[in-house]
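Quick note, the sequences are listed as chains A and B, same order.
Quick note: to get our numbering, add 20 to the position in the first sequence (first position is 1).
Quick note: to get our numbering, add 20 to the position in the second sequence (first position is 1).
Rather than coming from a laboratory, the hints here were simulated on the basis of the structure.
Heads up, some of the hints might be wrong.
The list cannot tell twin chains apart, which means a pair is met if one copy fits it or any two copies do.
The calculated lysine to any residue pairs, modelled on SDA-like cross-linking and capped at a C-alpha distance of 25 Å, are [to be verified]:
no., residue 1, residue 2
1, Lys204, Ala321
2, Lys206, Arg392
3, Lys111, Ala76
4, Lys75, Asn338
5, Lys75, Glu266
6, Lys312, Gly103
7, Lys373, Leu97
8, Lys322, Ile95
9, Lys44, Asn325
10, Lys195, Leu101
11, Lys226, Ala48
12, Lys337, Ile353
13, Lys206, Cys305
14, Lys372, Ser389
15, Lys337, Leu101
16, Lys337, Glu80
17, Lys111, Pro326
18, Lys337, Glu255
19, Lys206, Gly311
20, Lys205, Thr46
21, Lys221, Phe390
22, Lys316, Thr62
The structure presented is a predicted model; accordingly, all values stated were derived computationally and were not measured.
Number of protein chains: 2
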Amino acid sequence: MELDLGFEFHAVTRDHKTKARSGKFTTAYGDVETPVFMPVGTQASVKAMTPENLKAAGAEIILGNAYHLYLRPGIELIDSLGGLHEFMNWKSPILTDSGGFQLFSLSQMRDITDEGVIFRSHLDGSKHFIRPEDSIHIQQMLGSDILMAFDDCTPYPTTYEYAANSTKLTLNWAKRCLHEHQAKKKNGQALFGIVQGSIYKDLRKKCAEDLQQMDFDGYALGGLMVGEPLETTYEIIAHTVSILPEDRPRYAMGLGLPEDIFHCVAAGVDMFDCVVPTRNARNGCLFTHQGKLIIKNAQYAKDPNPLDLECECYTCKNFSRAYLRHLFLSGEILACILNSIHNLYFYIQVVKKIRTAIQEGNFFEYWQSFLRSQHEMN
Amino acid sequence: MELDLGFEFHAVTRDHKTKARSGKFTTAYGDVETPVFMPVGTQASVKAMTPENLKAAGAEIILGNAYHLYLRPGIELIDSLGGLHEFMNWKSPILTDSGGFQLFSLSQMRDITDEGVIFRSHLDGSKHFIRPEDSIHIQQMLGSDILMAFDDCTPYPTTYEYAANSTKLTLNWAKRCLHEHQAKKKNGQALFGIVQGSIYKDLRKKCAEDLQQMDFDGYALGGLMVGEPLETTYEIIAHTVSILPEDRPRYAMGLGLPEDIFHCVAAGVDMFDCVVPTRNARNGCLFTHQGKLIIKNAQYAKDPNPLDLECECYTCKNFSRAYLRHLFLSGEILACILNSIHNLYFYIQVVKKIRTAIQEGNFFEYWQSFLRSQHEMN
């Protein structure tokens, strides 16, 4: 019988001017310090990055996705090859999303019942039925270190009544997820609950409180960045975090731009994931300490400087903006590779600097200086 | 004034059963042992490979292309950024093709005169005129270690008369290239002549002899693999090499499959380049010591083995066929990266093993055992 080391989280330092905090959690595949940015490896690959590139970019934990991996290549296959860590050769922590969000955003013919969701695959139209128990089973078979509860992502805009019913369903499913998880979890696997409730504060409060009663290992904020104004997003996040327990990590799903991350950290969020650094990299939009840089612009044609004057990543240490512009305009795959290496390094470094700033008591000052440094470059 | 170290080539070992030989040449950016396989970096990037990946694959020298780089990003730009080595951060030898072949295969509205070639860019239709002197000037500005003469690539099939005139033009241009090169070369830059003559042995002989009289640093075989039967290719190569001097390297341009390389080495060829390893990698066709492997095939769906059971490359040491199949079917960029790493490693290692076998006196035996090992895997 395997020893269950148990998932543990400790908040280490608390900021005085904001609700920011630094902390650490422990998994079977190693410790992770928070705040942390988690690169997204939806299909068992963080796009255009090898595991070595990810390590060099400072990644400590990455995301996988139950919905995508269930449909392709299939869970039994990954399990037979030793689980997701082994399959993609990533020997550090993995968090898997439950598929709730992808059923909301990707699948065709979605039919939600109390029991679960009937849907057609976005790949081949094949019909599937997933219950909360199935999602947990899938994530357990993947062997992820942090599992997410199967939730119903409420669309925006929606009526209060619809949101209330949707949140009720999420709470019901959360309970079933927890039951399934506790019966079969192994090797210190953690399960996070997801707070829904759309933009309605009382629904968010009710959801956060009820989930807390169930006692999850961590709490995520879901159903955000789905079309609502950014100010509302921030408001809902601050409101929800204030209800969540101090001794559990808080995870803002799918957030966001660097400035959003600062905002959320200030509200007390510990964990982030977003496709923006890798997707923007492939589109030639680079994040730098001087602001956003659109590499195709003519002003960089002869520019011998690195992308980011303050960056120590492989791309910035070895290549000029002029070369990166040439690669991008020529449609070279190397453009995707080098741009992704830079953008992920930038994101991860900024979040690490946030962590250090919290520990050194100057998070607010770092936040302000970061914002001042972001000029419009193009 | 810079010291001209001079290009030097020495044949070190000669095989007894075939005309194979091992040797070494010296450039300002380092020595290269032959036989050698040179990865193709047409647009200042070997597709999907970082310079570190190339080094790890064992690459000692790579190709650039005067035609492509002249059109995009432009030669003045690369020169202003310190030359091609600096631009793409490849601090080892570079050989540049003159553009003769690309004018034959890519450009629109090609008009050949004794003076040079008027053509329209394949990128934007803009009109250009390139003389042999311009091609040399372009390659000098790129700073390549081995320049190729500007030639007229004879199409196949063609009449004897057309081929004779085309070869005459190539010889005339070769003389002008040499003149331009000798006046302005620096830092040990070498210039290779290109033997044309289509499938006509007397034209090949005449071209090889006349080029030899001009005294180039090396000799290439051009105008091959343009549609003629493979047996004819082999015959023309063996015939031409027999006329070329012993003390200069011989380069078979654009060749070929691994089995072609063995054939050419046996005929006395020293240098090879081909887009096949990287292009096939992107299409999911992998070279292995057990034969060619089409990664999308269903038989690899659950296969935990590495691509090649005898390979030490990064891809084979870290990933299963099942994972690589998943990446390929999912359209992940990482499929291109990992497949390219493997195929280039395979090519470079096979040519290195050929070199060692020549030195150890068992090239013929290695050739035969290689052919026996190549089963139909799919």
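Right, here's what the structure says about each hint:
no.: 1; hint: Lys204 with Ala321; result: neither (57 Å within a copy, 28 Å between copies)
no.: 2; hint: Lys206 with Arg392; result: neither (46 Å within a copy, 48 Å between copies)
no.: 3; hint: Lys111 with Ala76; result: both (14 Å within a copy, 22 Å between copies)
no.: 4; hint: Lys75 with Asn338; result: both (18 Å within a copy, 15 Å between copies)
no.: 5; hint: Lys75 with Glu266; result: neither (30 Å within a copy, 49 Å between copies)
no.: 6; hint: Lys312 with Gly103; result: neither (38 Å within a copy, 28 Å between copies)
no.: 7; hint: Lys373 with Leu97; result: neither (39 Å within a copy, 36 Å between copies)
no.: 8; hint: Lys322 with Ile95; result: between (49 Å within a copy, 12 Å between copies)
no.: 9; hint: Lys44 with Asn325; result: neither (37 Å within a copy, 37 Å between copies)
no.: 10; hint: Lys195 with Leu101; result: neither (31 Å within a copy, 61 Å between copies)
no.: 11; hint: Lys226 with Ala48; result: neither (32 Å within a copy, 72 Å between copies)
no.: 12; hint: Lys337 with Ile353; result: both (19 Å within a copy, 23 Å between copies)
no.: 13; hint: Lys206 with Cys305; result: neither (41 Å within a copy, 39 Å between copies)
no.: 14; hint: Lys372 with Ser389; result: within (15 Å within a copy, 54 Å between copies)
no.: 15; hint: Lys337 with Leu101; result: between (37 Å within a copy, 15 Å between copies)
no.: 16; hint: Lys337 with Glu80; result: both (22 Å within a copy, 22 Å between copies)
no.: 17; hint: Lys111 with Pro326; result: between (31 Å within a copy, 18 Å between copies)
no.: 18; hint: Lys337 with Glu255; result: neither (39 Å within a copy, 49 Å between copies)
no.: 19; hint: Lys206 with Gly311; result: neither (44 Å within a copy, 42 Å between copies)
no.: 20; hint: Lys205 with Thr46; result: within (16 Å within a copy, 62 Å between copies)
no.: 21; hint: Lys221 with Phe390; result: neither (30 Å within a copy, 70 Å between copies)
no.: 22; hint: Lys316 with Thr62; result: between (27 Å within a copy, 20 Å between copies)
Hints 1, 2, 5, 6, 7, 9, 10, 11, 13, 18, 19 and 21, counting from the list given before, are not met by this structure.
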